[in-house]
Structure formats: C-alpha cells, structure tokens
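Protein sequences, first through last, are from chains A and B. Take the first sequence: its letter number 53 is residue 52 in numbering that gives the first Met the number 0, and every next letter is one higher. Take the second sequence: its letter number 475 is residue 474 in numbering that gives the first Met the number 0, and every next letter is one higher.
The hints are simulated quantities; they were obtained by calculation from the structure and are not laboratory data. Every value quoted in this text rests on a predicted model; they were computed, and no experiment measured them. Here a beta-carbon is modelled for each residue, glycine too, at the ideal position from N, C-alpha and C. You may find that some hints are simply not true.
What the hints assert, rightly or not - Computed footprint of chain B on chain A, listed as stretches where at least three residues anywhere in the stretch have a Cβ under 8 angstroms from a Cβ of chain B: (1) 45-56; (2) 81-91.
Unchecked claim - Now the in silico label distances, taken between C-beta atoms and shown as ranges: (3) A/P294 / B/R499: 46 to 54 angstroms; (4) B/D160 / A/T173: 29 to 37 angstroms; (5) B/D160 / A/G244: 24 to 32 angstroms; (6) B/F235 / A/G139: 51 to 59 angstroms; (7) B/V64 / A/A100: 41 to 49 angstroms; (8) A/Q238 / B/L137: 42 to 50 angstroms; (9) B/F301 / A/S241: 20 to 28 angstroms; (10) B/T237 / A/H281: 39 to 47 angstroms.
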Amino acid sequence: MAAAAVAGLSLSGCAVRAGALAPKGPGARRAEFEFWLMTTVSAAIFVLVCVVLVWGMIRRPKSGEQEGYGRSGRLMIFGGGIAMPVVVLLGLMGVNVYMLAAEPEQGDLVLEVTGYQFWWEFHYPELGVVTANEVHIPVGRRVELRVTSVDVIHSFWVPELHGKIDVFPGRTNTWVIEAEEPGVYRGQCAEFCGLQHANMALYVIADEPAVFDAWAEHEAAPASPPTTALARLGLRVMQSSSCAGCHAVRGTTADGQLGPDLTHFASRETIGAGTVPNDRGHLAGWLLDAQAIKPGSLMPPVPLAPDDLHALVEYIETLE
Amino acid sequence: MTTLREPAPTVHERLEHTWRDAPGLVGWLTTVDHKRIGNRYIVTAMIFFLLSGVQALIMRLQLAVPDNTLVDPQTFNELYTMHGTTMIFLFNTPIVAGFGNYILPLQIGTRDMAFPRLNAFSYWVYLFAGIFIYSGYLVDQLPTAGWFAYPPFTGSQFSPDMGMDFWAIGVAFLGVSTTVGGINFIVTTFKLRAPGMSVSRLPLFVWAFLATSFMIVFALPGVTLAAVLLEFDRAFGTHFYNPGGGGLPVLYQHLFWFWGHPEVYILFVPATGVISMIIPVFARRPIVGYLAVAASLVAIAFISFGVWVHHMFATGVPVLVGSFFSAAGLLITIPSGVQIFAWLATLWQGRVRWKSPMLFSVGFLTVFVLGGITGVMVSVIAFDWQATDTYFIVAHFHYVLNGGVVFPMFAALHYWFPKFTGRMFNEPLAQASFWLMFIGFNVAFFPQHILGLWGMPRRVYTYQSELGWDGMNMLSTIGGFVFALGVLVVIANFAWAWKRGAAAGPNPWEADSLEWATTSPPRDYNFLEIPVVGSRNPLWNEDHREGIVTEPEHGGEVLAPAEMEEETLGTAGLDARREAVLPMPEPTYWPIVLAFALTVICVGVLLTNVQLIALGFLGAVGAAIGWFQPHEHGPEPEPEPEQEREQEMA
Chain A
0 MAAAAVAGLS
10 LSGCAVRAGA
20 LAPKGPGARR
30 AEFEFWLMTT
40 VSAAIFVLVC
50 VVLVWGMIRR
60 PKSGEQEGYG
70 RSGRLMIFGG
80 GIAMPVVVLL
90 GLMGVNVYML
100 AAEPEQGDLV
110 LEVTGYQFWW
120 EFHYPELGVV
130 TANEVHIPVG
140 RRVELRVTSV
150 DVIHSFWVPE
160 LHGKIDVFPG
170 RTNTWVIEAE
180 EPGVYRGQCA
190 EFCGLQHANM
200 ALYVIADEPA
210 VFDAWAEHEA
220 APASPPTTAL
230 ARLGLRVMQS
240 SSCAGCHAVR
250 GTTADGQLGP
260 DLTHFASRET
270 IGAGTVPNDR
280 GHLAGWLLDA
290 QAIKPGSLMP
300 PVPLAPDDLH
310 ALVEYIETLE
Chain B
0 MTTLREPAPT
10 VHERLEHTWR
20 DAPGLVGWLT
30 TVDHKRIGNR
40 YIVTAMIFFL
50 LSGVQALIMR
60 LQLAVPDNTL
70 VDPQTFNELY
80 TMHGTTMIFL
90 FNTPIVAGFG
100 NYILPLQIGT
110 RDMAFPRLNA
120 FSYWVYLFAG
130 IFIYSGYLVD
140 QLPTAGWFAY
150 PPFTGSQFSP
160 DMGMDFWAIG
170 VAFLGVSTTV
180 GGINFIVTTF
190 KLRAPGMSVS
200 RLPLFVWAFL
210 ATSFMIVFAL
220 PGVTLAAVLL
230 EFDRAFGTHF
240 YNPGGGGLPV
250 LYQHLFWFWG
260 HPEVYILFVP
270 ATGVISMIIP
280 VFARRPIVGY
290 LAVAASLVAI
300 AFISFGVWVH
310 HMFATGVPVL
320 VGSFFSAAGL
330 LITIPSGVQI
340 FAWLATLWQG
350 RVRWKSPMLF
360 SVGFLTVFVL
370 GGITGVMVSV
380 IAFDWQATDT
390 YFIVAHFHYV
400 LNGGVVFPMF
410 AALHYWFPKF
420 TGRMFNEPLA
430 QASFWLMFIG
440 FNVAFFPQHI
450 LGLWGMPRRV
460 YTYQSELGWD
470 GMNMLSTIGG
480 FVFALGVLVV
490 IANFAWAWKR
500 GAAAGPNPWE
510 ADSLEWATTS
520 PPRDYNFLEI
530 PVVGSRNPLW
540 NEDHREGIVT
550 EPEHGGEVLA
560 PAEMEEETLG
570 TAGLDARREA
580 VLPMPEPTYW
590 PIVLAFALTV
600 ICVGVLLTNV
610 QLIALGFLGA
620 VGAAIGWFQP
630 HEHGPEPEPE
640 PEQEREQEMA
C-alpha cells in the first residue's frame with residue numbers, strides 16, 4: 000500500500016503540494032500553528048500600516064501640525080512604533096518558548112540517519128535494519144533521529160512531519176519526529192551540499208505498527224539467494240565487478256560501505272535518492288552511466304557487456 | 000530661496016586652482032576628491048548590480064519550468080554564488096559607501112572626508128577586489144557554495160579548484176576597503192562637522208552612517224577571520240573547520256554570522272538614513288520624532304550584534320541559547336518599528352509631493368514592512384525550522400535587501416542625480432520605471448514565500464514537475480524580467496538626462512540639508528565658505544537661513560576663504576566648536592599603488608607563490624613609506640589683497 004502510494008504520489012505525474020502547511024506530525028503542527036497565528040497578526044499590522052500610509056498621504060494637515068511631534072506623531076511613534084511591537088513581541092516570545100518546551104528530547108525508537116553526497120542512509124540499530132533514501136516509521140511513535148554526515152553539511156527535512164535539522168560531519172544531532180497517520184512523506188536535503196543537492200530527496204513512509212514490524216523484519220533479513228540462472232549470473236557479475244567495492248548486499252560477498260546498501264533494493268521506488276523511478280529501464284541506464292542521469296553523483300559508469308548488464312538488472316530487481 | 004552665494008571670481012578661481020585635479024588620466028588616477036570617489040563607487044556598484052541581475056535572470060530562466068536543462072548544475076551553483084556574493088559584497092555595501100562618500104561631507108558642510116587618501120585607497124581596494132573575485136571567470140573556476148560558503152563543503156577536499164580561493168581571498172581583501180571606509184566616516188563625522196552642527200542638528204543620513212560605520216568596525220573582523228581561516232585550511236592544510244582533523248564546521252558559521260547579521264543592518268541602516276532625508280523633503284515638513292529615529296539607529300547598531308544565531312536555529316543549538324537569540328531577533332523590531340511610524344507620522348502631518356524619489360521611498364516602506372514581518376516570523380524558532388533554507392527565506396531576504404536597500408538606493412539615485420550631474424531626468428519616465436520595478440519585484444518574490452512553504456529548498460538547480468512548483472516559479476521568473484525592464488528604463492532615463500536633461504539648479508527639490516546649498520554639481524571645494532549651522536534644517540528655517548553663510552553675528556566666527564584655501568575646518572565636541580584648521584592632502588598616486596601591491600599579495604596567496612607575496616609585501620611597504628612622507632605644500636598662493644576680502648565679506 001505504502002509502496003503504491005510512493006509511486007502514485009511521487010513519480011506518476013499528479014501534483015503533491017504538501018509541505019509545511021499540511022502537517023502530519025506534531026512538530027510540523029506546532030510550526031503551522033505559529034505560521035497562521037503570525038500571518039494573521041501580521042496581515043492586520045500590514046493593513047494598518049497601509050491604511051495609515053495612504054490616508055496620511057491623502058489628508059491635508061492641519062495648520063498646527065508643522066512643529067514637533069503633534070498628537071498624531073506621538074500616538075504613532077509611541078503607540079505604533081513601541082507599544083504595539085512590545086505587546087505583539089511579548090506574545091510571540093511566549094508562544095516561542097511554549098512551543099519549544101513541547102519539543103520532545105527523546106523518542107521511543109532510534110533511527111540513525113547519515114548524510115552522504117547525495118543520498119541518505121538509514122539504520123535502525125535496535126532492529127538491525129540498514130536501508131537508503133526510503134525509510135519506514137511506525138505511526139504514532141516518536142522516532143529519535145540521530146543525524147550525522149560523512150562528508151559535508153546536509154539538512155534533514157520532511158516538511159509534513161517536522162522542520163529541519165542540520166546534518167554535520169563530526170557531530171550527531173538529535174531530532175524527534177512522529178507521524179500521526181499513515182502516508183508517504185517526501186523530504187529533501189535543505190543545506191546546499193554540492194552538485195546534486197537538488198536531487199537528494201528522501202521518503203518517509205509511515206505505517207501502522209504491524210505493517211512496520213513486518214517491514215522491519217523483512218529489511219533485517221539478508222537477501223534471498225537468486226532462483227533463476229540469469230539472476231545467478233547477475234549475482235556473479237555483481238560480486239566480480241566494481242559494484243561490490245561500494246555496495247553491500249547482505250548474504251553475499253558484496254560488502255562495500257561507500258554507497259547505499261542494496262540488500263532490498265527492489266523494494267524501493269526510486270533510484271538515486273528520488274531522481275528516477277526504480278524500473279528496469281532506468282536501472283540499466285543508471286548502471287551504464289549514472290552521470291548522465293545525476294551528474295556529479297559518486298556512482299561511476301559501469302562498463303558491462305550487454306548480457307552481463309541484463310543479468311545484473313535481473314538480479315538486482317529480485318532483491319525485494 | 001537664495002542660499003547660494005555667487006563667488007567672487009578671484010576667490011573662486013583661487014579655490015578652484017587649489018582643489019582642482021590634474022586633467023586627464025593623471026587626475027583620474029590621483030584624485031582624492033570625495034565626490035569623484037563617491038561617483039566611482041556608485042558607477043562601479045551599478046555595473047556589478049547589472050552583472051548580478053543578469054546572473055539572477057539566467058537562474059530564473061532555468062527555474063521557470065521543471066526539469067529544465069538550460070544550464071547545468073555546476074553553472075547554476077556558480078550563478079547563485081556569484082549573484083549573492085556580488086549583491087552583498089560588490090553592490091549593496093559599496094553603493095551605500097558611494098552615497099556616503101559623496102553626500103556626507105556635503106551634508107556636514109565640509110570640503111572632503113577626514114582622510115581623503117584613505118578614501119581613494121578604499122575605492123581602489125574595492126575595485127581590485129571586485130575584479131579579483133570576478134577573475135575566476137577568466138579561468139573558469141568559480142565558487143559554488145553560496146555567498147556564505149559553509150565548510151567543509153568549501154574546504155579543499157570538496158571544492159578542490161580555485162573558485163573558493165578567489166572567493167575567500169577576495170572577501171578578506173574587500174574587508175580592508177569596508178573597514179577603512181567605516182573608520183573614515185566615523186572620523187569625518189566626529190571632526191569635520193561645520194561649526195554649529197551639534198549632534199542634535201546632524202542630518203539623519205549622517206546619524207545612519209555613524210551607526211553603520213561603528214557596526215562595520217566591530218562586525219567586519221568576523222567575516223575576515225572566517226574567510227582567512229578558511230583560506231588557511233585550503234592553502235596550508237590547517238584544520239580550523241575540518242572535522243576530520245578535530246576542527247569545527249559550526250565555528251565558521253558563528254564567525255560568519257557574527258558579521259553576517261549586523262551586515263544586514265550595515266546595509267539597511269544607511270538606506271533608512273536616505274529615506275529619513277527624502278520623506279521629510281517630499282512631505283514638506285521636518286521629520287516627526289527626530290530624536291526617536293536617531294536613537295533607533297543607535298539601538299539597531301547595538302542589538303544587531305545579538306542576533307547572529309538567528310541564522311543557525313537548525314544547527315542543533317540548545318533550546319535556551321536559541322530562545323535568547325530569538326528574543327533579540329524580536330527585540331530589534333522595536334527600533335525598526337519606531338522608524339517606520341516616524342515616517343508614517345511625517346507623511347501624515349505633511350503635504351506630500353509625488354515625485355520619483357518619494358515613490359521609491361513609499362515603495363520601500365510597504366515592501367520593507369512585509370520583509371520585516373517575515374523577519375519576525377523566522378525569529379520564532381519552531382516556524383524557522385520549517386522556513387530556513389527554503390524559498391521562504393529567499394523571499395524574506397529579497398524583501399529586506401532588495402526592498403529595504405535596493406529601493407532606497409534607487410530613491411537616492413533619483414534624489415541626488417540632479418546634485419551629481421546638475422541635470423534633471425524625465426520625471427514621468429522615472430515614475431514608470433518605479434512602477435515596473437515595484438510590480439516586477441512583488442510578482443517575482445511574493446510567490447517565493449509560498450514555494451518555500453510548499454517545500455522548495457533554496458539552491459536547487461531544478462525540480463520535478465510532480466512537485467507542483469511550476470506555476471509559482473514561472474510567475475516569479477516573469478516578475479524578475481519586469482523588474483529588470485524597470486532597471487533598464489532607469490538607466491536609459493539617466494543616460495539621456497546626463498547629456499540632455501534640463502539644468503537642475505542648486506536645490507530642485509527645495510530640500511533642507513547643506514548639500515543643496517551649493518552648486519549642482521558642487522565645485523571641487525564644495526563650499527566657498529564653511530557654513531555655520533544654526534538649525535536642524537538649515538535651508539528651511541527662516542530664522543536660520545543665514546546660518547549657512549558666515550555672518551559674524553550669527554555664527555560668531557568668520558571663516559573666509561582666504562584663511563581656508565587648502566584647508567577645511569576641524570571642530571570638536573557634541574556642539575561642533577571650532578577647533579583647528581586642517582590641511583587637506585593633494586592628489587596622489589600612493590593609494591592606487593598600495594592597493595595594487597595588496598592585490599599582488601592576494602594573487603600570490605591564490606597561486607601560493609611566495610615570491611609574488613614577497614614582491615607585493617615590498618611594494619606595500621614602499622607605498623606606505625611614500626604615502627607617509629612629510630606633506631609638502633605647493634608654493635604659497637599670493638596673499639589676497641585685504642580690500643578684496645572685505646568686499647567679499649560685505
């Protein structure tokens with residue numbers, strides 16, 4: 000269901016305009032509340048300023064108004080310039096502190112998030128799950144993200160769930176997110192991180208707890224051995240070519256650590272952190288020359304004979 | 000009003016002779032005249048503004064439609080980096096300095112800046128640093144990390160080519176120019192005010208420059224240090240920001256924003272100074288709440304140093320720390336609010352004339368209120384976590400910087416154009432250009448708030464059409480081009496007026512401050528006689544109108560040209576008492592030589608070439624020695640016949 004939703008929402012052509020104003024988690028809800036509160040007050044102030052401005056330009060001053068502050072001047076400067084901001088700002092400071100106090104510091108489930116140029120690694124240490132770019136979380140539970148980076152600064156942001164947390168190398172920031180209802184929530188790196196900053200998306204898929212548990216159990220398991228001759232050839236190609244230097248497929252000899260873990264690659268909906276849909280055609284193109292699709296990504300072109308490529312694609316697409 | 004006193008030919012000629020630059024290239028290279036330097040600043044800054052505008056338009060074309068391939072990602076990243084760097088470092092800061100240079104000495108009734116050679120040096124450093132930063136285009140190696148250049152991305156590991164070196168060295172070098180400029184404004188304001196121009200009679204434009212100059216002096220070391228340490232990491236392999244070597248990337252952010260937040264006010268405060276001059280002139284009454292506005296400028300200068308973490312709420316700062324900076328960010332709204340309502344009250348009590356400088360000022364007012372409001376919004380942390388690093392922020396700072404600085408600068412260009420050139424531009428055309436810019440600006444940037452809330456991060460070179468961001472992006476692009484058209488109309492209007500405009504006369508706007516008491520354009524020596532100031536609005540106040548000339552019974556002093564030929568007057572104290580007659584330096588080559596020698600050092604660091612660095616260093620020492628050799632006066636002018644002087648004063 001969730002997978003279909005990813006495909007349906009993200010890459011099939013219908014517009015998703017969710018963002019910060021369609022909150023599906025408590026963090027985003029706090030920000031949304033602040034947004035509408037401040038927008039309402041601001042609109043009132045802006046209208047007030049415009050009315051004073053236009054009226055002031057139209058009206059003819061009275062004769063006594065050429066000296067000193069005048070009554071209107073005192074009212075505007077001390078009333079509009081000092082009293083009004085003091086009242087509004089004290090209120091906002093209160094709201095600010097109240098909302099920050101509601102920010103949880105710990106969660107129920109730890110999820111380690113690691114930023115790479117230009118993809119995301121997700122690791123549930125308690126569940127033994129390692130995956131990339133698409134991660135499932137259980138609805139209604141606080142997930143404690145521990146975010147760090149291996150290279151430059153990234154920023155983790157899923158606007159429907161919560162605001163941003165910067166992802167620093169050499170430092171681990173903690174951030175608690177929670178989804179209130181099942182769904183697919185798109186996120187994107189928000190701190191410029193290099194050539195493909197624009198194509199560093201991620202999907203958080205919120206599942207009912209039972210669905211999540213099943214997903215986690217499946218993800219934690221090693222890859223199932225290939226069953227067809229073609230797929231077995233694909234596995235051999237994988238292990239003997241440059242793939243294994245960077246990528247891991249648990250249950251095989253491929254144990255590279257530089258690129259995304261591919262153990263359950265076929266269960267993901269996109270290739271290259273949301274760059275293209277995950278289907279055979281795009282996968283073959285990606286393997287042959289990822290630079291044509293995502294120039295600047297660290298995935299090098301893989302020169303393969305057509306038969307080997309065919310077998311490799313076959314194998315990878317069995318890694319459900 | 001007859002505030003202009005026709006100079007007696009002989010006196011005028013003698014002053015002209017003393018203050019004139021050599022003709023041709025020699026004069027061009029050696030001038031220390033604040034007006035020529037100010038003009039240069041403005042023209043150079045406008046050229047960078049146009050370059051930056053072209054970069055912006057290419058970006059808007061790329062983003063107009065989804066999945067666009069007009070430019071590749073590398074080019075796009077270079078474009079936005081150079082656009083931001085140019086606008087902040089090479090347009091906004093210098094054009095403000097340009098108006099300060101031209102106008103401030105005139106407004107305080109003196110003949111030049113306190114340190115005219117330093118002033119020339121400041122311009123040459125700006126020009127050379129600008130060329131240095133742009134020379135990356137010659138070797139096709141440009142920075143790509145945005146105008147704030149966060150490491151470790153900007154370290155040599157992730158940005159190995161020279162683009163970041165051009166940026167870091169250029170920015171540190173440019174800091175020299177800004178810093179000496181700030182010091183020059185402070186000393187000029189403290190020591191060269193015309194007698195009688197007490198602090199309570201200081202034009203608000205001058206107050207604004209004083210506040211901004213103090214901010215420059217205290218804030219600028221932050222960015223200089225940030226850039227120098229970055230260059231150390233890059234060129235010499237130090238680990239200030241390298242987490243692999245125990246360095247701290249977030250240290251850079253603190254250093255950078257310790258300058259970067261005051262910088263917003265460094266740009267914005269002089270812009271408000273411009274507005275505080277223009278609105279009263281076109282409302283035909285003195286500003287309401289002079290003291291409140293002046294105090295607000297000083298308050299902004301102080302509070303702006305407590306806001307820098309405002310830019311770093313998403314870095315994982317502790318909640319308590321964040322709340323402190325959030326409160327400071329909100330607090331700074333109060334002095335800004337005081338200014339806005341002082342302008343509103345002035346309009347309310349005045350009789351408004353609709354001229355183009357006024358249109359730009361009122362356009363500024365509405366746009367800036369919106370930018371200020373979104374500034375308050377992003378001071379509130381939970382919302383900022385959503386807004387930061389998205390197009391909401393892009394929209395916010397364009398409302399603040401384009402609305403809050405570019406519009407006032409265009410107001411200033413229109414307001415002082417007659418003073419600079421002695422000619423009037425075409426007023427209907429100027430008003431048309433305002434409406435194009437105003438509408439274009441809002442169409443370009445208002446939709447970006449919405450894009451940010453819909454989830455569009457800044458600094459993406461493309462986006463997928465499924466995200467639903469197409470329409471707003473297209474709208475934004477169209478607005479950008481309308482804005483650009485408005486700018487072209489301004490340029491065409493000025494180009495025409497410069498050659499063919501009607502004569503403007505000394506005071507076409509019937510303004511109140513001293514720059515309008517002299518000819519348009521002012522003569523090389525600014526004022527025939529140093530005025531004595533008896534009022535806050537010297538050209539308006541009937542009682543004080545004679546205060547700008549030098550009648551003994553009003554000013555108490557005679558400051559006749561004969562004793563003030565190569566000098567200007569130094570004053571002291573809050574009330575500007577006459578203190579000393581200060582000799583002013585002649586035109587000289589040393590500033591440009593010193594600036595060039597420093598440029599050689601920069602090129603040496605860029606190429607890590609020790610010989611070149613040594614050469615530049617020797618050159619700089621030599622230039623400094625030449626600069627400081629004892630001041631030689633030219634042959635003494637013939638003493639003026641006593642008779643003529645008396646006629647002159649009569």
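Note whether the CB distance of A/Q238 and B/L137 lies within 42 to 50 angstroms or breaks it.
-> Holds: the Cβ-Cβ distance is about 48 angstroms, inside 42 to 50 angstroms.
Per the hint of 20 to 28 angstroms, is the separation of the Cβ atoms of B/F301 and A/S241 within bounds?
-> violated, 59 angstroms
Given a hinted range of 24 to 32 angstroms, is it respected by the beta-carbon distance of B/D160 and A/G244?
-> Check passed, 26 angstroms falls within 24 to 32 angstroms.
Counting residues of the segment 81-91 of chain A whose CB is closer than 8 angstroms to a CB in chain B, do you get three or more?
-> holds (count 6)
Do the Cβ positions of B/D160 and A/T173 conform to the proposed distance bound of 29 to 37 angstroms?
-> holds, 36 angstroms
When you take the CB atoms of B/V64 and A/A100, is the distance between them in 41 to 49 angstroms?
-> The hint (41 to 49 angstroms, Cβ to Cβ) holds, given that B/V64 and A/A100 are roughly 44 angstroms apart.
Examine the segment 45-56 of chain A for residues whose CB is less than 8 angstroms from any CB of chain B, and state whether their number is three or more.
-> It holds: at least three residues are needed, and the segment 45-56 of chain A offers 8 whose Cβ sits within less than 8 angstroms of chain B.
A/P294 versus B/R499 beta-carbon gap, inside 46 to 54 angstroms or not = holds, 52 angstroms
So does B/F235 sit 51 to 59 angstroms from A/G139, Cβ to Cβ?
-> For A/G139 against B/F235, whose Cβ atoms are near 53 angstroms apart, the range 51 to 59 angstroms holds.
Do the beta carbons of B/T237 and A/H281 sit within 39 to 47 angstroms of each other?
-> Holds, at about 44 angstroms.
Checked against the numbered hints listed earlier, the structure breaks hint 9 alone; every other hint is satisfied.
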